[in-house]
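**Student:** In case you want the letters, here they are:
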Amino acid sequence: MNVHAIRAIYMFEMARTWRTVVQSILAPVISTSLYFVVFGSAIGSRMAEVDGVKYAAFIIPGLTMLSLLTESISNASFGIYMPRFSGTIYEVLSAPISFVEILLGYVGAAASKSVILGTIILLTARAFVPYEIAHPVWMVAFLVLTAVTFSLFGFIIGIWADGFEKLQLVPTLVVTPLTFLGGSFYSIRMLPPAWQKITLFNPVVYLISGFRWSFYDASDVSVGTSFAMTLVFLALCLAVIGWIFKTGYRFKA
Amino acid sequence: MPSATEPIISVKDLTKTYASGFHALKKVDLEIRRGEIFALLGPNGAGKTTLISIICGIVNPTRGTVRADGHDIVTDFRLARAKIGLVPQELSTDMFETVWSTVSFSRGLFGKPKNNAHVEKVLRELSLWEKKDSKILTLSGGMKRRVLIAKALSHEPQILFLDEPTAGVDVELRRDMWAMVRSLRATGVTIILTTHYIEEAEQMADRIGVINKGEIILVEEKAALMEKLGKKQLILKLQRPLEKIPEALAQFALELSKDGLQLVSTFHAEREQSKIASVLRALAELGIEFKDLQTRESSLEEIFVDLVRARA
Ligand SMILES: Nc1ncnc2c1ncn2[C@@H]1O[C@H](COP(=O)(O)OP(=O)(O)OP(=O)(O)O)[C@@H](O)[C@H]1O
Ligand SMILES: [Mg+2]
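Same order as they appear, the protein sequences are chains E and A. With the working numbering, letter number 209 in the first sequence gets 192, and the count goes up by one each step, no holes. All you need for the working numbering is the position in the second sequence, starting with 1, plus 1328.
Take the hints with a grain of salt, since some may be wrong.
List of simulated lysine-lysine pairs, DSS-like, C-alpha gap at most 27 Å [claimed, not checked]:
#1 E:K235 - A:K1559
#2 A:K1541 - E:K235
#3 A:K1559 - A:K1472
Just the calculated beta-carbon pair ranges, DEER-fashion [as the list claims (entries may be wrong)]:
#4 A:A1495 - E:L214: 45 to 55 Å
#5 E:A10 - A:N1444: 31 to 41 Å
#6 A:L1621 - E:R2: 52 to 62 Å
#7 E:R(-10) - A:D1404: 17 to 27 Å
#8 E:A(-2) - A:A1347: 29 to 39 Å
#9 A:I1604 - E:A236: 42 to 52 Å
Here are a few chain E residues that sit away from chain A, every Cβ distance over 10 Å (derived from the structure) [to be verified]:
#10 A(-2)
#11 V75
#12 I142
Quick caveat, the hints were computed from the structure, so don't treat them as lab data. C-beta: ideal position from N, C-alpha, C; glycine also.
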């Protein structure tokens, strides 16, 4: 294991985060806080409780997930796309490191950022809305697992993209809609029965439901199912990355 | 442990077909000797960068094997790559990093523990020390190329690849670069450089390999190659037309143009270095005046044509 190399990539990526702290940390924290203020405090006071939880508190796990997903994807995809775009990838490819080590460096850094961001968002939310965490260990597990899984997903996008538009395409056209429709703002039990079925095809439902369960001990789908679905998505991403490394797809001519 | 006489790089039957179907390398065999400066000479698109990229692990070979210091570059890539430093043809650098951090990054990437003294030494030798805290973005093109060299040297490689190190580089930096290459060689580093310029290969290399259309046409000691290849022409535009070439000039094998206003002398750059002076002296003695004088060297293209014809 080339530990020096993993550390070099990891530190390089983290340094990039601190250099762009306004864009990479502050911006998502502020925009999520705006949701807390608008939907939580302003409108939320007029909304009914969901599953015995105040609406303002109810939306916190979902909104945190929303940021976690989008930021994991954008961090990881940008992290690997930039060296491909600028040509500096030559150095990583010519270094005495394996693909696993490349992955640990880039995805490890992207996931770390997301976990830091998620934590800051949850702490900020506390300033607006009182909430409890029923299962803290599970909460951390879901947070870390989601950050890792979607950083892997972002890594795939960063390899697949051959232009900046494509980098934005999946996050804006696929992930954000799925997250909004995945129960960030409502329990899927509030939907008409037909939509309740359809919505189960949305993988984000399971993430949000599981994460919310770790807070309020109430969920749309069982925690076991949520956890399993997250692992399935993780395995899927790993399989695709395995294939990319094996074939050199858009990575190595 | 590989012995000292074993080639430091050995390329066997190396073939590269890109996904587009293009055959960039065709059954290349090549051996680089330990401690030499080897120049790989060839026109645009010959396959120089492809060959280097495969040896360095950036491009996958289609067929064939490469060993670096005895280690197979695929099955034993960690040991092979740790020995190699690469300065790429393109100026691909980070932008917002400082010189210091990008060079330290390279060292870590190649698995070496932090060593500020070594990084400082490299930066000083490349006259980058004053710029160590500057963002790369703010450096000139020549400086950026030095940064790429510093990155390649950060992990103390045994083998250094320089892919067109002097393209777009001014005279001073070129001279610095040549001096650096020589001093590296003195410490035992093997250097492989690519170039379009015969003069550069001539100045620098111990041996020269010529590649064209994905095939190595020849590999020779520099002296032997210059003997074969280096042709010069002396072109004289005369004040007054000549009817025919005077007897006294017969020994120089000159050619006279139809209008009698131009004399051309073709000779070996290496073997007949004093020929220009002799021709001019003879002209002066005969009272033949000229209004213009040009010399030109055979271009790489002409040399390739010669070589290919010679092989056919
Ligand atoms: N990724 C690629 N896909 C398809 N063809 C490629 C690829 N990279 C290079 N080639 C082709 O392979 C050939 C050899 O390219 P290469 O870059 O090795 O040449 P070179 O000798 O380094 O040329 P130059 O002197 O211009 O740098 C060229 O015709 C080039 O177009
Ligand atoms: Mg090239």
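**Student:** Quick one: which hint numbers does this structure break? Sort them smallest to largest.
**Tutor:** 1, 3, 10 and 11
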